[in-house]
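Visitor: Listed here are the chains, written in short residue letters.
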Amino acid sequence: MKVVERTGAQGAEKFYLIAVVQGLFLTLGHVIKNLFNPKRMSVVFYPEQKKALPPATRGRHRLMKREDGTPRCTACMLCATACPAECIHIKAEESPDPNIEKRPEKFDIDMLRCVFCGFCVEACPLDAIRMDIPDVTIADYTRESLVYSKEFLMNHDNKDVVTGYNPPRPVQLTHGPHARP
Amino acid sequence: MLTGENIVQLVSGLLHWAYAQAGISSLAGVIDPIISAVVMFGFIAVFVMFLVWMERKVSAHMQSRIGPNRVGPLGLLQTVADAIKLTIKEDVKPVNRDKVPYFIAPIVAFVATFMGMVVIPFDKGVVVQDLNVGILYIIAITGFTVIAILTAGWSSNNKYALLGGFRSAAQIISYEVSLVLSVVPIIMITGTLSLSGIVEYQKQAGYWFILPQIVAFLIFITSATAEANRAPFDIPEAESELIGGFHTEYSGVKFAMFFLGEYIAVVVSSAVAVTLFLGGWLPLPYLDFLHIPGFVWFLAKLLLVIYLIMAFRWTFPRLRVDQLMDFGWKVLIPISIINILATAVVWFCLYGKGAQ
Amino acid sequence: MTDLLLSQVKLSGESQFGTDEYVVNMGPQHPATHGVLRLIVKLDGETVKETIPVLGYLHRSIEKISENRTYPQCITYTDRVDYVSAMSVNLAFALATERLMGIEAPARAQWLRMVFVELQRLASHLLWMGAFAGDIGALTPFLYGLRERERILDLFEMTCGQRLTYNYIRIGGVMIDVLPEFVPKCRAFLDYFEPKIAEYEGLLTYNPIFLERTKGVGVISPEVGINAGICGPSLRGSGVSCDVRKQQPYLFYDQVKFNECLETAGDCWSRYKVRMNEMRESISIIRQSLDRLEPGPIEAKMPPVLKAPTNSEIYSRIESSRGEMGVYLVGDGTAKPWKVKYRCASFSNLYLLDELTRGWKVADIMAVLGSLDMIVPEVDR
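Protein chains in written order, with this note's numbering: chain A, 2 to 182; chain B, 121 to 476; chain C, 154 to 534.
No false leads were mixed into what you were given.
Calculated pairs, DMTMM-like style, for lysine to aspartate or glutamate (alpha carbon to alpha carbon, straight line, at most 20 angstroms): (1) A/K51 x C/D307; (2) A/K52 x C/E303; (3) A/K52 x C/D307; (4) A/K34 x B/E175; (5) C/K368 x B/D442; (6) C/K454 x C/D330; (7) C/K368 x B/D446; (8) B/K279 x C/E174; (9) A/K66 x A/E95; (10) B/K279 x C/D197; (11) A/K151 x A/D98; (12) B/K279 x C/D173; (13) C/K492 x C/E216; (14) C/K399 x C/E413; (15) C/K195 x B/D442.
To be clear, the hints were calculated from the coordinates, so they are not data collected in a lab.
Produce the complete structure using the sequences and hints provided.
Guide: Shown next, in the form of structure tokens:
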């Protein structure tokens, strides 16, 4: 650390009235410009008009489904382990499909704890969980209703959303049933 | 020709005809002032609502926002909605308040400022009561607000409110002095205390007093802003320091009264400034062939001055309490005294003894 | 009445109407304490006799929680240490962990980090400028500041999907590469933003009331500042060169040209001016970083589970928007840190509040508090 010597008085400070008038004209300029060109104002009329969410938005979670409607998730617990907020609660059970070992009996995401970090999506090797529903105004009246169940998370048409969080994955699946288009 | 005076004569003619029909002509002396007071109240209520809307729009546009735009066209009815909301709102009162002063304070604040409107001439002959001591009356009656604010601050039993009340007392008393002193040169020149008389003098003289008395005008506007507790002199209610200052503990209608009182104080001070320095209802020079009624000119000038006061608020930071006092006592008052002396000397040299 | 009062004075030998301390609790809910800071202010009339900050209203025990999280998971908690400048804290933790484990992030990631951290500095200083002006009573600069901050947040959202808690700068690199249109958009923003600083300065810098309120108020002398551990722009306002970016360059700060902004008076105005000038320097740093951005990997090769060596410890510091942001880590050979300690600029800067406001007026508390750029979550953690 070194200490700099103090310099003398600054010149422009002396002209008090000029600064006053300058400030008044600055705001007056804004008033006039905004009156005649309302588009200058960066205002979004919120409930009617919403800002488009960029493709990278980490939105609400959903659980992806196989073609037969069962969850892709194999209850491997990687997402629950990666979650820094400990908001994913999975209970595994035997899968009736002989090719698949396990499936989630219960898959709850506690949205009150979720911090939207995206670690679960990055951790999933099967692309079973995504954060691409462009809904960032998650609100409800009770705590219970904000713990999303497996059924709620799977209540979607399984289509790929163009906008949505698509992070690099530890295992890139390019073919097979779990490949990401 | 449409002038304010004609309209007043027409209305009073109609009224007196109505009195005669109802057989109460003898009571005209009692009813007339009541009617004019009611009309003035109606006008001021609507005008203040417009002003609140205007302030919000002006500040919004200064800040690149849109401001109220939901209720009514351009959000004009937003203030009405706010007023309704304030009236039906629960009146939260602190338990340990001093009951009577707490109740009276907002009423005094509102009435004291409103009474100032009585002597403002909107046009030639359009004035509720053209007192011959008009200026003196306004300065005296608006000085009551300090009592209201001090009472409010004291009776709320709140530390912020008390600080705000004391700040306000100190501030208003100091700035009252410079306010009066800035008006003195005008009175010296015109030799009258009547507001209409001062306008008439400007008409005959052919110039407005802002030209020879620009210093007095600046001092007057500054002191008036401070008198009305407006930023940059809003230390009694300084939001970032004292939360709400003296009206921290007020809600509902009582808060609305303080709020209205503040805006009426702005209107009164601006109206006095227009009358004294900007020629009141007189048209702009070389524009009198347009035959625009005087009250339109008056309102236009009034809005201009009010815009200036609003621009102060949204452009400048707030002074600190001791700097505010310094500014009042060490800057404004000496300058206005010098201004008085200079005016006296110059006018004596120019016109001699018979200046009037 | 007067006789009665005088007789009382005579009887007791001294005035019964002595002055008393007027204790005002400012906060935890107060418009000017930027969150939930509580100040117990002892007043003598308007004059401040003592200011006691009471901390802990926003304590979330982030340091303790971090001991039970893996290193990558801790990054999400660093977002919440200082949510106005989350990128900086992300970077501080990521750098500390990288140094602890000997990971080297690739060049593109480093340049991206510089772009984002400096953008974050702009956003943070803009919010600070608005809040400081608001504390002093000017409400318009706040809106101007937020207007530009919004565009910065748009750039962040475009890249990492979040506007406030990014979780973008990761150990060993960054989360995701920027989109191709990011660079032109960022340049366009900088061109738009540069003249706006003059606009803010036009409203504030030489405004007589602003000068009255800030000049000579809250003067930190260099010796006191150094001894009290003041850091960042607050200390640079006293003329002490203490920019970590210059003194101990991290990332590629040694490869870009920028000036350390110094003022000499040490008052609120100097601190204001330092930050305004820092915004200009940040613009220059971002421009240079965007020029040097070349295609390449954005993440270092790392083991799947990050483990610190046994009995390893590190103190790593960066220059966050608020000053020196230090992270002290102790590793015990597992995937979780044994101890995490954040050295936050807000906390150390708050230390001087009492000394700076004693003997001044109530309103000066707000000016001094604002000029120190204090963020409550960073104080309490």
